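Asks: Take the sequence shown: its letters are residues 1 to 262, numbered as in my numbering.
I should point out that these hints are in silico values taken from the structure, not numbers from a laboratory. The reader is advised that the hints may include incorrect statements.
Dumping the calculated EDC-like pairs for lysine to aspartate or glutamate here, alpha-carbon to alpha-carbon at most 16 Å [said to hold, decoys possible]: (1) K105 / E161; (2) K125 / E206; (3) K105 / E56; (4) K105 / E95; (5) K168 / E64; (6) K125 / D90; (7) K65 / E26; (8) K168 / E23; (9) K125 / E183; (10) K168 / E183; (11) K125 / E56; (12) K125 / E88; (13) K105 / E64; (14) K15 / E161; (15) K65 / E88.
Pairwise CB distance ranges (calculated) [said to hold, decoys possible]: (16) F155 / L71: 14 to 24 Å; (17) F176 / L154: 47 to 57 Å; (18) F9 / E179: 38 to 48 Å; (19) S208 / L154: 26 to 36 Å.
Since this is a predicted model, take the numbers as computed values, not measurements. Beta carbons are placed, not taken as given, at the ideal position from N, Cα and C, and that holds for glycine.
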Amino acid sequence: MRVRLLRWFFSSLIKLLSRSRVEGLENLPARGPYILVSNHMSMADIPLGYTYIGGEDVAGWVAEKWRTNPLLWPILRMARGIFIRRGEVDRGALEAAASWLRDGKIFALAPEGTRSRDGRLQRGKTGAAYLAQLADVPLVPVAVIGTERAFHSLFRLRRPELTLRVGKPFRLPPSFPAERNSELRRHTDEIMCRIAALLPPQYRGEYSEHPRLAELLQAPLHRVDDFLVAVQSMVHLVRHDMRKMEIHTGKPAAPRMGFYPS
1 MRVRLLRWFF SSLIKLLSRS RVEGLENLPA RGPYILVSNH MSMADIPLGY
51 TYIGGEDVAG WVAEKWRTNP LLWPILRMAR GIFIRRGEVD RGALEAAASW
101 LRDGKIFALA PEGTRSRDGR LQRGKTGAAY LAQLADVPLV PVAVIGTERA
151 FHSLFRLRRP ELTLRVGKPF RLPPSFPAER NSELRRHTDE IMCRIAALLP
201 PQYRGEYSEH PRLAELLQAP LHRVDDFLVA VQSMVHLVRH DMRKMEIHTG
251 KPAAPRMGFY PS
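Take these sequences, add in the hints, and give me the full structure.
Replies: This is the structure we're talking about:
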């Protein structure tokens with residue numbers, strides 16, 4: 001009930017104070033678990049994102065400093081925010097996010113770790129890649145456009161133009177323990193380049209000249225990649241359903257469709 005009320009509030013606010021649009025909602029998987037990864041430029045990102053993709057099954061990390069803010073704390077609590085200490089490895093926040101995903105839900109985060117002051121992408125932190133591998137879930141890139149000027153426009157009595165653009169889901173390849181640090185960085189660059197590919201050139205910042213971004217911009221994902229993502233998502237849905245059945249019955253669930261996903 002509180003989540004629906006919050007979404008209605010954000011939606012009304014966005015529609016009243018801005019000219020907003022969303023692109024690519026069809027790319028969102030029908031069900032979790034998956035991670036939404038987005039650029040972050042303004043506090044306006046939250047109501048814009050929540051208007052179009054918020055819901056009962058969506059949670060996200062929030063900087064610990066907002067816990068003591070009397071205005072924002074109740075809103076963040078309603079939005080199922082999980083507080084995280086920036087600048088260190090917060091094991092509690094990581095495990096809370098992984099647990100949320102293991103329950104078949106959706107987790108949203110900004111890999112940059114903080115707002116970009118000039119609107120351009122900053123170097124991503126490795127938390128998103130680590131969490132995706134820890135929970136073994138796909139990621140969905142999301143681009144937020146126009147929010148860096150939102151409050152400036154409102155102060156001038158103009159409605160800002162805001163866009164939320166959703167890309168196609170993808171999975172990170174498995175990592176090998178001996179090369180974990182270097183692979184986490186490479187996987188983080190992959191995540192950030194997927195976000196950058198959804199953004200206009202002036203927003204791409206740190207990744208504007210990245211070779212992987214050039215590859216993504218030159219050719220769309222091949223159909224075989226889309227097929228593999230669909231198969232992987234189906235396997236994880238079956239696994240999640242079987243896990244819930246085992247919890248409720250106390251017995252191993254019978255294999256479905258002729259196989260038992262490992």
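Asks: A separate judgement is required for each hint: does it hold in the structure or not?
Replies: Status of the hints after comparison with the structure:
no.	hint	in the structure
1	K105 / E161	30 Å, violated
2	K125 / E206	12 Å, holds
3	K105 / E56	9 Å, holds
4	K105 / E95	14 Å, holds
5	K168 / E64	31 Å, violated
6	K125 / D90	13 Å, holds
7	K65 / E26	35 Å, violated
8	K168 / E23	11 Å, holds
9	K125 / E183	13 Å, holds
10	K168 / E183	22 Å, violated
11	K125 / E56	27 Å, violated
12	K125 / E88	11 Å, holds
13	K105 / E64	22 Å, violated
14	K15 / E161	11 Å, holds
15	K65 / E88	14 Å, holds
16	F155 / L71: 14 to 24 Å	19 Å, holds
17	F176 / L154: 47 to 57 Å	49 Å, holds
18	F9 / E179: 38 to 48 Å	46 Å, holds
19	S208 / L154: 26 to 36 Å	29 Å, holds
The structure is inconsistent with the numbered hints 1, 5, 7, 10, 11 and 13, although it conforms to all the rest.
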